[in-house]
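This is what each chain is made of:
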Amino acid sequence: METIDKTVIAPGIDEDVLIEEFGYDDHFHDHHHGDKYQSNFVNTYIFSQDHKMIAKQFLITGMIWALIGGGMSLIFRLQLGFPEESLAWLKPLLGKWITISEAGVGKLAPEFYYALVTMHGTIIVFFVLTAGLSGTFSNLLIPLQVGARDMASPFLNMLSYWFFFIAGVIMFYSLFLSTGPFAGGWTAYPPLSALPQASSGSGAGMTLWTISLVFFVVSVLLGGINYITTVLNLRTKGMTMWRLPLTIWAFFVTAILGLLSFPVLVSGFLLLIFDRELGTSFFLNDIYVGGQALEHAGGSPILYQHLFWFLGHPEVYIIILPAMGIVSEVLSVHARKPIFGYKAMVFSILAIGFLSFIVWAHHMFMSGVNPFISNFFVIFTLIIAVPSAVKVFNWISTLYGGNIRFNAASLFGIGFVSMFISGGLTGIFLGNSAIDIQMHDTYFVVAHFHIVMGVAAMFGMFAGIYHWYPKMFGRFMNPTLGRLHFWGTLIGAYAIFWPMHYLGMAGVPRRYYSFDSFETFRHFGTMNQFITIAAIVVFALQVLFVINFFYSIWYGKKQTTRNPWGATTLEWTTPIRPGHGNWPGKLPSVQRWAYDYGKDGKDFIPQILPPQEGESEEVH
Amino acid sequence: MTFLLGLACIVLLTVVVVQIGKVTELANGLRGEEEMQFKTNRRSGMIGMAFLIAFLVFCIATAIYYKNYMLGYGPHESASVHGSSLDRLFAVTLFFTGIVFVLTHILLFWFAYKYHGRAGRKALFLSHDNRLEIIWTIIPAVVMTFLVISGLDAWNDVMADIEEGEDYTEIEATGYQFAWHLRYPGPDGKLGARDYKKINGLNPLGQDWNDVRNLDDIHPSEIVLPVGKKVRVRITARDVLHNFDMPHFRVKMDAVPGMPTYFIFEPQITSEEYRQRLKEYPEYQLPSDPNDPKSDPLWKTFEFELACAELCGSGHYSMRRVVRIVSQEEYDAWLAQQQSYYMSSIRNSSDDPFKGQLLDMEVSMRKQEFDDKLTSARAAETAADRIVRLDYVFFETGSANLTDLSRYELQNVAEAMNKYPEMTIEVAGHTDATGDAAANQSLSEMRSMAVYNYLVNELNVDGSRLAAAGYGSSRPIDSNDTDAGRAKNRRTELQILSL
Chain A
1 METIDKTVIA
11 PGIDEDVLIE
21 EFGYDDHFHD
31 HHHGDKYQSN
41 FVNTYIFSQD
51 HKMIAKQFLI
61 TGMIWALIGG
71 GMSLIFRLQL
81 GFPEESLAWL
91 KPLLGKWITI
101 SEAGVGKLAP
111 EFYYALVTMH
121 GTIIVFFVLT
131 AGLSGTFSNL
141 LIPLQVGARD
151 MASPFLNMLS
161 YWFFFIAGVI
171 MFYSLFLSTG
181 PFAGGWTAYP
191 PLSALPQASS
201 GSGAGMTLWT
211 ISLVFFVVSV
221 LLGGINYITT
231 VLNLRTKGMT
241 MWRLPLTIWA
251 FFVTAILGLL
261 SFPVLVSGFL
271 LLIFDRELGT
281 SFFLNDIYVG
291 GQALEHAGGS
301 PILYQHLFWF
311 LGHPEVYIII
321 LPAMGIVSEV
331 LSVHARKPIF
341 GYKAMVFSIL
351 AIGFLSFIVW
361 AHHMFMSGVN
371 PFISNFFVIF
381 TLIIAVPSAV
391 KVFNWISTLY
401 GGNIRFNAAS
411 LFGIGFVSMF
421 ISGGLTGIFL
431 GNSAIDIQMH
441 DTYFVVAHFH
451 IVMGVAAMFG
461 MFAGIYHWYP
471 KMFGRFMNPT
481 LGRLHFWGTL
491 IGAYAIFWPM
501 HYLGMAGVPR
511 RYYSFDSFET
521 FRHFGTMNQF
531 ITIAAIVVFA
541 LQVLFVINFF
551 YSIWYGKKQT
561 TRNPWGATTL
571 EWTTPIRPGH
581 GNWPGKLPSV
591 QRWAYDYGKD
601 GKDFIPQILP
611 PQEGESEEVH
Chain B
1 MTFLLGLACI
11 VLLTVVVVQI
21 GKVTELANGL
31 RGEEEMQFKT
41 NRRSGMIGMA
51 FLIAFLVFCI
61 ATAIYYKNYM
71 LGYGPHESAS
81 VHGSSLDRLF
91 AVTLFFTGIV
101 FVLTHILLFW
111 FAYKYHGRAG
121 RKALFLSHDN
131 RLEIIWTIIP
141 AVVMTFLVIS
151 GLDAWNDVMA
161 DIEEGEDYTE
171 IEATGYQFAW
181 HLRYPGPDGK
191 LGARDYKKIN
201 GLNPLGQDWN
211 DVRNLDDIHP
221 SEIVLPVGKK
231 VRVRITARDV
241 LHNFDMPHFR
251 VKMDAVPGMP
261 TYFIFEPQIT
271 SEEYRQRLKE
281 YPEYQLPSDP
291 NDPKSDPLWK
301 TFEFELACAE
311 LCGSGHYSMR
321 RVVRIVSQEE
331 YDAWLAQQQS
341 YYMSSIRNSS
351 DDPFKGQLLD
361 MEVSMRKQEF
371 DDKLTSARAA
381 ETAADRIVRL
391 DYVFFETGSA
401 NLTDLSRYEL
411 QNVAEAMNKY
421 PEMTIEVAGH
431 TDATGDAAAN
441 QSLSEMRSMA
451 VYNYLVNELN
461 VDGSRLAAAG
471 YGSSRPIDSN
481 DTDAGRAKNR
491 RTELQILSL
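These protein sequence lines are chains A and B, in that order. Last residue of the first sequence: number 620 in the working numbering, and the count goes up by one each step with no gaps. Last residue of the second sequence: number 499 in the working numbering, and the count goes up by one each step with no gaps.
Source of the hints: derived by calculation from the structure; they are not laboratory data. Among the clues, some could well be false.
As the list claims (entries may be wrong) - Calculated pairs, DMTMM-like style, for lysine to aspartate or glutamate (alpha carbon to alpha carbon, straight line, at most 25 Å):
1. B:Lys67 with A:Asp516
2. B:Lys279 with A:Glu519
3. B:Lys294 with B:Glu266
4. A:Lys557 with B:Glu35
5. A:Lys558 with B:Glu33
6. A:Lys107 with B:Asp385
7. B:Lys122 with A:Glu613
8. A:Lys602 with B:Glu34
9. A:Lys558 with B:Glu35
10. B:Lys122 with A:Glu615
11. A:Lys558 with B:Asp129
12. B:Lys122 with A:Glu618
13. B:Lys294 with A:Glu84
14. B:Lys122 with A:Glu295
15. A:Lys557 with B:Asp289
16. B:Lys197 with A:Glu295
17. B:Lys114 with A:Asp600
18. B:Lys279 with A:Asp516
19. B:Lys122 with A:Asp14
20. B:Lys197 with A:Glu277
21. A:Lys343 with B:Asp129
22. B:Lys114 with A:Asp603
23. B:Lys198 with A:Glu295
24. B:Lys294 with A:Glu295
25. B:Lys300 with A:Glu519
26. B:Lys300 with A:Asp516
27. A:Lys557 with B:Glu34
28. B:Lys39 with A:Asp603
29. A:Lys6 with B:Glu34
30. B:Lys122 with A:Asp600
31. B:Lys367 with B:Asp385
32. B:Lys122 with A:Glu84
33. B:Lys22 with A:Asp5
34. A:Lys599 with B:Asp129
35. A:Lys602 with B:Glu35
36. A:Lys599 with B:Asp385
37. A:Lys6 with B:Glu35
Unchecked claim - Here are some chain A residues the structure puts well away from chain B; computed CB gaps all over 12 Å:
38. Arg149
39. Val392
40. Thr426
Note that this is a predicted model, so its numbers are computed, not measured. All C-beta atoms in this analysis are idealised placements derived from N, C-alpha and C, irrespective of residue type, glycine included.
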């Protein structure tokens, strides 16, 4: 089989020939007689140090969390869409959080509604869109695309997954506490998060929430430091920074953002833990709660918000940058064209990464910070629109004049661009503090961030999964179901989140259990029903995706050629099922940038092919 | 049962997936993969175009449908002055982003359709164009600069503090789990000091009652404000973060425990005018109670509202207060009716530091009351009706010793004697019917004498213009069978003898 799967680049030239002739001999085989790191089931599939296996672990764990987090949203959407309907049928699942009246009508307890909202946010932001997205694709693609045998430290890489796993176990356990999981919003603002008297979830639920996230941050840091080191030090011969695919640039900047911002979050959490457990007053001041005046004095709840958003804002770029990288790559490969404006794309990633650190207080315009300070944050926030716009124009130009191959991967890439435009533009409203007075904490915000970092990042993730599925499992996912999944999700996601802009413009606040008591907010019953139904349909489509995913692992169409998409990058020069170490012989050496599609009339020129005679000059 | 049903659904779905998978593979095998891919490309591009059109139509149609419920786009123009500038800014931003949204979406899906892969087509090799990059960097940068400048201009106007000498009303809103507690400064125009350690069931805001500014502070159950006058809201929280959210006024600010925040705004339309505005729209003709078609239409029951917009716990969604904007005259009338919280709930309780003392305002209030009674008594038709009851003259139980606080009322009497130099009066003592009639008679005589003596000796009233008489229980003004009646019957009166 191995002889017929190669990509014939020119008569008599294929990957193996090129790698053998130009590749770099790192004497891989001299000290790897057999794979001593992967000799049995446990160290192959569980405590694996192979970046490809760790990527799959991140992905599948992320998918499980996505189903849990998404499922939670269905329950609270039922409450919002059909507040009169009985939820008694959920009693077996939710137990005491469903109270059944004498008439047999089951009501969701407001405490648990807020716990669901909180857990939905925490799980999706951290476990799905950070670990599931960046964890999966950084792990899978960084060594493969820079031409490395593995991460700089495979052991730390393995630890990174297992810290994430522990974080997940703790968070999952907290769902079953008798006082309920944490219910103070994913931002966990004190004093609500610091006082069990103020909310039952702020007791043991909050303790486990913080511990879980501290473990999670350890996971992010171990992963991030590995990604950075690998990109900087393990690039193969000829792989200069300017020849990196945009995926790697995105993962690289993402890891730097994480490394700089997550520790600040942990420091905020530590101070919060001190306030909770040791009676300090970093964030607490002049509080009377539960019939009692507390001794805490002199702290500031706003300090926590600064610490939280110093992570929180870079975090949204930690989520979206990998998706941007993946989409750039996927669109270019399937449009059969180089990504338009490679350098502009890199500079805009760097600019976005830099700016993401000086805009955090735009989450706090209405929190009581000095209004003068807000001036600076408005300016920097709206500047981000410029590199973001550049990226959008470049993606669209990449499609221009292409020969686009439509499949689930490229469709999700296009869907990502649409979502990023829609959600990004509403950010221009919210970033302007004057408009934010009205829009802050309304459904307009919910619509904005769900579209731009929820749906868009998910679309980037789906594009990546469909595109690199053959690399991960040596098989393809079913393309028809993939396209069905895409069109349904695209329409469904807009059906869910587009109407929320109108709710926000009507001033309807987010995080409301019921709108009945307010004249201003209660006129949108039909819309809320519509949104809920759309959410159920979209969730069902994701179940379809999950089924397609697992079914295809064993029964999907087999990959018969190494480079099914005709891509230039290194990951497609390995055998179909690469072993630990990725390339059986020499490491490939890189001769050109990653986007020679359609050059000189050739469909594509792989990165390992040296410049040919008569080839036009490399300009990008 | 539910679980089984769910499981059955998943199994069924799996079967469907597997079958579709098999069918596509079979079809691919029959027709050739490349040809199938070209077909897919063409079809997907067309679906994309259809989606584009449907999506844009959906966006426009729904926006029009919900227009009259959305603030700033139907009848819901801003109810505050600054809010109009925010609405304008929103509209300007919507204009620019709307253009970008429509154009980029058209290009995105049109290119996707136009350049769908097909047999024999070759992609263009187009790696970059620096001139284009510069253009589409500069255009957004210019638009952003414009938006930033207009935004900051509006923002700094809205956030500016009250200027020196400007007339404004100050009110305070305190968020707690789960309601807003409102406070008005009362006639002195000043909010008194608070200390969270003083909070208890009777003192919900922890007001320091030693601070006299607190004594006239009002705790109303709704926000009432005059139209056309600036309001400075002092926003505080008692337990966790809350957010003072009045959507119609474009007002929103966190309430932070231990750190008061402020928001200044000026209502520009009264509640009633706003209702008249809503009356013009069909959406507001619906019955306000959906279950009762005969209930008042929505426009009629409309009220501005105060809500909470910062998650504060399980009752976050229920922190409603009504906000009424009225004319200055209505406002003044409303304010005059409000009683200070201290007077209604704290005065003379064990928490009252001024218990057993008369406050300046009570002294002046009582004087006013006395003067009113005197004026009407002097105006009475018949001599017998020219009676002023001294409601604040008390004696120690069973004796003729005047209580300490009685001197304030007697001071009023002395001042009245000075004001009307011709007036002569009789001080009349009365008792209730409890006990021995003769003893009551003598007690009433002694008590009237005590008043007489106090007026003459302490307040230098000319004794010749005064008489003293005791009537015992012979002239009750109420039933002697009840406590309240008896309390009324025990009294000291002034009978005006000559004007």
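With a cut-off of 25 Å on the C-alpha distance, tell me whether lysine 6 of chain A and glutamate 35 of chain B pass.
holds (22 Å)
Compare the distance between the alpha carbons of lysine 557 of chain A and glutamate 35 of chain B with 25 Å, and conclude whether the hinted pair is satisfied.
Holds. Lysine 557 of chain A to glutamate 35 of chain B sits at ~18 Å (cutoff 25 Å).
Given the hinted pair lysine 22 of chain B and aspartate 5 of chain A, is their Cα-Cα distance within 25 Å?
Measuring from Cα to Cα gives roughly 24 Å; hence the hint holds.
Straight-line alpha-carbon gap lysine 122 of chain B to glutamate 613 of chain A, limit 25 Å:
holds (22 Å)
For a C-alpha distance cap of 25 Å, please report whether lysine 343 of chain A and aspartate 129 of chain B respect it.
holds (11 Å)
Does glutamate 295 of chain A sit within 25 Å of lysine 294 of chain B, going by the straight-line distance between their CA atoms?
violated (54 Å)
Examine each Cβ of chain B, and state whether all of them lie more than 12 Å from the Cβ of threonine 426 of chain A.
violated (7 Å)
Pairwise hint evaluation, glutamate 618 of chain A against lysine 122 of chain B, where the allowed Cα distance is 25 Å at most
Holds, because 20 Å separates the two Cα atoms, which is no more than 25 Å.
Below or equal to 25 Å on CA atoms is what counts here, so check lysine 197 of chain B against glutamate 277 of chain A.
holds (22 Å)
Please work out if lysine 599 of chain A and aspartate 385 of chain B have their alpha carbons no farther apart than 25 Å.
Given pair lysine 599 of chain A, aspartate 385 of chain B is violated - Cα atoms ~115 Å apart, limit 25 Å.
Compare the distance between the alpha carbons of lysine 122 of chain B and aspartate 600 of chain A with 25 Å, and conclude whether the hinted pair is satisfied.
holds (11 Å)
Hint consistency between lysine 558 of chain A and glutamate 35 of chain B [alpha-carbon to alpha-carbon, up to 25 Å]:
holds (19 Å)
Hint compliance for this structure: hints 3, 6, 11, 14, 15, 24, 32, 36, 39, 40 are not met, and every other hint is.
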